[in-house]
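Enquirer: The hints should help you fit chain F onto chain V, whose structure is shown.
Residue numbers (the working numbering), protein chains in the order written: chain V, -19 to 96; chain F, 2 to 131.
Derived by calculation from the structure, the hints in this document are not laboratory data. All figures in this text were calculated on a predicted structure; none of them were measured in a lab. There could be a bad hint or two in this list.
Claimed, not checked - Short, incomplete list of chain V residues facing chain F, as computed with Cβ under 7 Å:
id, residue
1, D21
2, F58
3, T66
4, H68
From the three backbone atoms N, C-alpha and C, an ideal C-beta is built for every residue, glycine too.
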Amino acid sequence: MRAAVLLLALAACDPVWGAQVTLRDPINRSVDNATFAVACDGTTPYGSHTSMSVRTNRDGAGFVGSMGTRFPVGCDLFIAKPGFKTHHIAYRELCPHGPETCERMFKFDLVLEPTD
Amino acid sequence: MRSLLLLVLLGGCPPPSQYLITDVTAAGAPVADALVAAECGNPARDAALRTDQDGRARLTFRSRVDASKCTVTVAKSGFPTLEAINLSICSTPACPATHVELGELREVEPVSELPVPRDYAEPPRMEVAR
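Next comes chain V alone, as it looks inside the complex:
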């Protein structure tokens, strides 16, 4: 029992990184089924990592993340859906002062603009 409590306590301390998004259209309707992804290039150690892409739910919400002490270095965020303009948030915008001072968790409440 004590070991289980210790395990739970240790697991609770595991560092995680992640990004949360909530999407709306210009007339304040939730945008569901949009792709929300953390995308690295193929050369980074994270390049072959999976679980980096999700679809927003009917409330327009989505979360990508994993265990780790920092947001994946050099990886960008994308929000995309056919019929809407793509948001591409580069790592240098997320972490302008480099990985040492970068936040681990990000939250975005975005309005997606239709393409026409």
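Expert: This is chain F only, laid out in the frame that chain V set:
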């Protein structure tokens, strides 16, 4: 007993990786830094990458996925987002690449000035009888 042991050992091996290779172009030229994301109905199997300078993204799936259940999204700012199903997924990195051509995004012209009023837009003048 030996075959049982072999079965247990093999059962412990992870399934072979699978690959989805995509070449992204626009007007025939490679598009770098585009998103290629594959959603296969299981968050543990969803992958995403940015294309390299040659417009190529090589997604790796660490566990077996059903290609028929995958939706691939290709997106880049300034281009329309594309979604595709039924792409080739192979158990070798030598998988033939799927070519995705991004079209041009039609921008909405910003309204720079108010339209000039024209005669036909003016309300009819009415004479009021006294």
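Enquirer: Hint by hint, note whether the structure agrees.
Expert: Hints and how they fare:
1. D21: holds, 5 Å
2. F58: holds, 4 Å
3. T66: Holds, because the Cβ-Cβ distance from T66 of chain V to chain F comes to roughly 4 Å (cut-off 7 Å).
4. H68: holds, 5 Å
In summary, the structure agrees with every hint in the numbered list given earlier.
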